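Novice: Letter by letter, the chains look like this.
Number of protein chains: 2
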Amino acid sequence: MIPKGSYIVIQNVEPQVDFGRYAVKRELGDSIHVKAEIFREGHGMIRAELLWRKEGSKAWNRIPMTHVNPGLDQWEAAFEPKQIGRHEYRIEAYTDHFASWLHDTKRKYEAADTLESEAIEGLHLMQDAAKRAPKEEAKQIANWIREIEGLTYAREQAAVMFSDPIVKAVCAWPLRKGVETGASDPHPLMIDQLKARFASWYEVFPRSTGSDPKRSATWKDVENFLPYVADLGFDVLYFPPIHPIGKSFKKGRNNSLTATADDPGCPYAIGNEHGGHFDVCEQLGTMEEFEQVVKKAAEMKIDIAIDFAINCSYDHPYLKEHPDWFFRRPDGTIKYAENPPKKYEDIYPLNFDCKDRDALWNEMRRYFLFWAEKGVRIFRVDNPHTKPIIFWEWVIREVQKKYPDVIFLAEAFTRPRVMEMLGKVGFTQSYTYFTWRSEKKELTEYFSYLTQSPVADYMRGNLFPTTPDIHPAYLHNAPHSAFKIRLALATTLSSVYGMYSGFEFCESEPFPGKEELNFSEKYEFKVRDWEQTGIRDFVRDLNRIRHANPALQEYGNLRFCDCNNDKIIAYTKSACDGRNTLLILVNLDAYQQQVGIVTVPLEVCGLTIGKEFTAHDLLSDKRYRWAGADNYVELTPEHPVHIFRIEA
Amino acid sequence: MIPKGSYIVIQNVEPQVDFGRYAVKRELGDSIHVKAEIFREGHGMIRAELLWRKEGSKAWNRIPMTHVNPGLDQWEAAFEPKQIGRHEYRIEAYTDHFASWLHDTKRKYEAADTLESEAIEGLHLMQDAAKRAPKEEAKQIANWIREIEGLTYAREQAAVMFSDPIVKAVCAWPLRKGVETGASDPHPLMIDQLKARFASWYEVFPRSTGSDPKRSATWKDVENFLPYVADLGFDVLYFPPIHPIGKSFKKGRNNSLTATADDPGCPYAIGNEHGGHFDVCEQLGTMEEFEQVVKKAAEMKIDIAIDFAINCSYDHPYLKEHPDWFFRRPDGTIKYAENPPKKYEDIYPLNFDCKDRDALWNEMRRYFLFWAEKGVRIFRVDNPHTKPIIFWEWVIREVQKKYPDVIFLAEAFTRPRVMEMLGKVGFTQSYTYFTWRSEKKELTEYFSYLTQSPVADYMRGNLFPTTPDIHPAYLHNAPHSAFKIRLALATTLSSVYGMYSGFEFCESEPFPGKEELNFSEKYEFKVRDWEQTGIRDFVRDLNRIRHANPALQEYGNLRFCDCNNDKIIAYTKSACDGRNTLLILVNLDAYQQQVGIVTVPLEVCGLTIGKEFTAHDLLSDKRYRWAGADNYVELTPEHPVHIFRIEA
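Residue numbers (the numbering used here), protein chains in the order written: chain A, 1 to 648; chain B, 649 to 1296.
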């Protein structure tokens, strides 16, 4: 069989994830710059168009592409989606016969040819275009054809056909089918809400927002806590699971197997006689009160994020209603979670490949839709890497079809390829290894990978210096400086980060021998004195600086620069419009002063060699006049961070 | 719809060209190392197999893959195809339930669990395996099951199931379907004959092998010329078009528009009253004599390569038989080639998109099959980049279906993406920009791209220092040293190269103002004194060294090394078995002695720091005792090249 495919090659369309298998992620307001290599054999002229649309729309928007580098066959165009949600783009290219005719005929005209054949060919091309053009345009082209046919000499005729209005009108209606026309596959694109990229999360256990260490706080206490969160500059308030907590096999303080009646249990053991994933914990209050929290938070521009942990306590209604959704032993009993030889008798995992699979998967979808309906648009998903990857691809698309602004944060601390895949199949953000990266070399390597490799097209790292599960060695019994250092890194290395409450008070005592806090609030009520000083002012300053500087609101604009001291890490963040450039220096040593010479990348910073500039520290408000790239810096444990705005 | 796809991800299969859209190229005898990232959610054990087969075979060969890097989910395996031709490979992976059971149960066993449930589950898994196993194996597993069931305690039962023979037998029959089994797409692979990678071409105009400047030489003269070619060490003899030559609009000496009756015309203007593409030029002799040349050459292990130029002279039979295959003017006359304002009235291009397209494409296929039938297995294709790319993809596959050992060399000097695409769609080799690259920096960049980038998987650069069309500025009126330098580069930078006759005599006079030889033999009979000295001995030495050193027979093993003089280029070639390592140094300055310090990459050369080694120059047969990486070298215009074999 002789092939009928296109003669035009369209390849290396960018951006792309796995050749268009997965969606590229961008945010509302972004301009999507699309590049491709487009060519065909020989010397005929081609033209290319970028087509894009919102998924589900019938009509494509068309934008002409620019042949930016003919030697490398590179074409480019950009578009700006106006809505949140899934989009697609593709490229069409076609042979521009009239332009080719024009190119050759003009040269022959200059060489004084008679152009007998060429004029006839030109008229044929005009007639072809007229056939494809709509009525009015066709009439206009037909008029021109009549005029041209009235001329005596072929050279005169050709010269008229060279005129701009005719060229424009004829080239507007090229042949868009057959072997001389090509099209790329469509490439998916997810346009997320801006908070997918730029947000500051505060994590708090709702039950820890009260004042009685013997009792759970309530949604009312949470409501009263909102101004504290807003004052510090956070715009996402994230709650670990808010559902009823299992009582059987309840864990006591410090994860002990024996709990007292007063111990509240771990919120990750979901479900009791009051309900399961579709209910709020009876100790916190009612669903209406929760909805009131969501509403009040929204008034302060704070989004509520909740935690989706797909597992059940022994008391979860599912164990009775859907015993077939769980893993069963040969004797029919339901299996608790294990990591042999460890047993987790308070946790019962669901079997995603059970016989009643469709019902289970639909129920999981219903969870997101139910809470989205209540105003929750951000879900932190617990351990997604232990559920089938195609489940996530399916459920995220299903949820975003109805609520395109929903953000999914993957809490997966696992192998890099698995974490990347969760991003590919739809997770909006991911936890990262940041928590364990504290040396300059490893930070540089890891953040080059996260923000400057192709991974940045589909995975956004949300940086948490600590979590209720992870209290890293760097912060064990550490001074305030260590907390400042970690928070400064989190707030400037990525545009999205999260802080777990207590961090502002530098809670640092580990459970002996473990990377966890002692007396973790996962297992007990916690009451804090929110008036303590700690590093609250520093937290507020960082959030203020993030809000005032567009460079810190972008994700892929991180560039490391040289500093001759391994304890000082230096990097720039430069806004895409070039109007805001920051140079950040962090002393990674929480205990000693460090000095060094930082090499300012003048070009990146839009500076001219030999011209003085100001490095304006947005933390201390001090200004330094610098000339040249190499500059001396000095960072103490008290002031371990410079966030310089580069000013002329 | 809830998806039913696989839970297993298989990604980044390597080698690959455009995600498996095009074939990877290797040669007979190569081991194909396949890598992939394979994983699924959670902690279940998986296994993976590499499947491969010759295209058209039903059965797949299966090889277990090795989990070489669990942290990065990398798996590997290798296979060695035994035949020339198109192959395919794919990966299958499945969940190994018995291995997962084993992993968990062993840990519980060590923790002194009773294993009541686990033993029953293990027996179930054995029963499942027995159902899938062939009769004998099933019987064996059933016997074991009976034995195990006879034991009193679950722990005893489990312990028996841990035994190697049972594990091996049960794991051999895993469930290979359903969501817990995954497969990659098949990836195409072309196994070429070895000359695709390692060959030394000699290009000669058959009519120039005689002794009468007034007449064409004949096939008999060519036959007599073969020992000369063999003596120099060449193993491919390539002829520009051998077909009848057009007489109308015949070109004269130096491409002049006015030819005398004695001028033979240009062989690229194909066709006259004696025939066209399926005939040999009447002045050279008969088809039988040509076939005799092919046969005699084969006896000397020389392959004949011919030149496929898809265009016709005004006298080609096609113009009368198939006027519809050509581009036509509005008045019905046939168009000659043009590059406005230039006109080529002796050349009539074929219209690959004419109405009679199928007949034309089939006729082009017939060309290759016809000459392959006559013993020609190598085709140099003139200007393939001016014909549709999908034509090449089709015709090359069609020809290689019948003659899998056919080699296609693309004579495309055009933009890099177009040259690459010709390689992707099937051309075995490509001409390169080598002819115009003479500075160290540009040679280093270009050959890093050609031999060390992904391009090397599908495009093999065949290096010609000159061609009948290109006499580069570097060689204009240049001394012998310049010719030595260019030939040494060609013979060592790639494993496949070609030399156009006359080069060995350093023919260097350009046509004034052009990158062509004066009095090009494209337009006249040429008689050479084949007894001249020139650089014949140097040519013979290079071919001898290439044949004796496996490192020069590989393509992707080029590595540049440092030399502190920009006029000296240094690189290593190391054979894949590590037993043959060469260090090559070329003085790029044809006019002056150059000295410098070369840094020998000790590790690449398999050398130990601090241990002496010998650099044995295979050209001069001199031996240098060196210790350490940095060594002084001195290259004169008389001896501008070192080819050191690194010896212990």
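Since the hints were made in silico from the structure, they are not lab data. What you are looking at is a predicted structure, and each value in this text was computed from that prediction instead of being measured. Check before you lean on any hint, since a few could be wrong.
As the list claims (entries may be wrong) - Ranges of calculated distance between the beta carbons of each label pair, as one might list FRET restraints:
no.	chain 1	residue 1	chain 2	residue 2	range
1	B	G677	A	V167	56 to 62 Å
2	A	G71	B	A1296	25 to 31 Å
3	A	P165	B	Y1081	41 to 47 Å
4	B	S811	A	G513	54 to 60 Å
5	A	L257	B	K652	39 to 45 Å
6	A	L257	B	H715	31 to 37 Å
7	A	Y433	B	D1001	41 to 47 Å
8	A	D577	B	N902	58 to 64 Å
9	B	S811	A	K514	47 to 53 Å
As the list claims (entries may be wrong) - Listed next, the in silico SDA-like pairs over lysine to any residue satisfying Cα-Cα at most 25 Å (straight line):
no.	chain 1	residue 1	chain 2	residue 2
10	A	K343	B	P989
11	B	K756	A	Q193
12	A	K335	B	A807
13	A	K335	B	R734
14	B	K706	B	A831
15	A	K355	B	E769
16	A	K335	B	G690
17	A	K335	B	A759
18	B	K652	A	N362
19	B	K990	A	S100
20	A	K108	B	P651
21	A	K108	B	P989
22	B	K1089	B	Y1280
23	B	K944	B	A807
24	A	K355	B	A831
25	A	K35	A	Q193
26	A	K387	B	A907
27	B	K756	A	F162
28	A	K342	B	A760
29	B	K868	B	A1020
30	B	K990	A	E116
31	B	K1003	A	H43
32	A	K177	B	F975
33	A	K335	B	A802
34	A	K108	B	K944
35	A	K342	B	A802
36	B	K779	A	M1
37	A	K4	B	D752
38	B	K983	A	H124
39	B	K652	A	A359
40	B	K1049	A	A359
A virtual CB, placed ideally from N, CA and C, is assigned to each residue, including glycine.
Novice: Holds or violated: the 56 to 62 Å window for the beta-carbon distance between B:G677 and A:V167?
Specialist: holds, 57 Å
Novice: Just to be careful, I want the Cα atoms of A:K335 and B:A802 compared with a cutoff of 25 Å; is the pair within it?
Specialist: holds, 18 Å
Novice: Taken at face value, is the distance from the CA of B:A831 to the CA of A:K355 at most 25 Å?
Specialist: Holds, at roughly 23 Å.
Novice: Given the hint of 41 to 47 Å, check if A:Y433 and B:D1001 actually sit that far apart at their C-beta atoms.
Specialist: At roughly 55 Å between Cβ atoms, B:D1001 and A:Y433 fall outside 41 to 47 Å, so the hint is violated.
Novice: For the range 58 to 64 Å, tell me whether the beta carbons of A:D577 and B:N902 fit it or not.
Specialist: holds, 59 Å
Novice: Keeping to a limit of 25 Å between CA atoms, is the pair of B:K756 and A:Q193 held or broken?
Specialist: violated, 47 Å
Novice: What's the verdict on B:K868 and B:A1020, does the C-alpha distance respect the 25 Å limit or exceed it?
Specialist: Holds: B:K868 and B:A1020 sit about 21 Å apart, inside 25 Å.
Novice: Checking one constraint from the list: CA of B:K652 to CA of A:A359, max 25 Å. Satisfied?
Specialist: holds, 14 Å
Novice: Hint check: B:K1003 vs A:H43, CA-CA at most 25 Å. Holds or violated?
Specialist: This hinted pair holds, its Cα atoms lying about 21 Å apart.
Novice: Note whether the CB distance of A:G71 and B:A1296 lies within 25 to 31 Å or breaks it.
Specialist: Hint violated: Cβ distance 47 Å, outside 25 to 31 Å.
Novice: Compare the distance between the alpha carbons of B:K1089 and B:Y1280 with 25 Å, and conclude whether the hinted pair is satisfied.
Specialist: holds, 21 Å
Novice: Has the given pair, B:K990 with A:S100, been kept, meaning a C-alpha gap of at most 25 Å?
Specialist: OK: B:K990 and A:S100 at ~16 Å, within 25 Å.
In summary, the numbered hints that this structure violates are 2, 4, 7, 9, 10, 11, 13, 20, 23, 26, 27, 34, 36, 37, 40.
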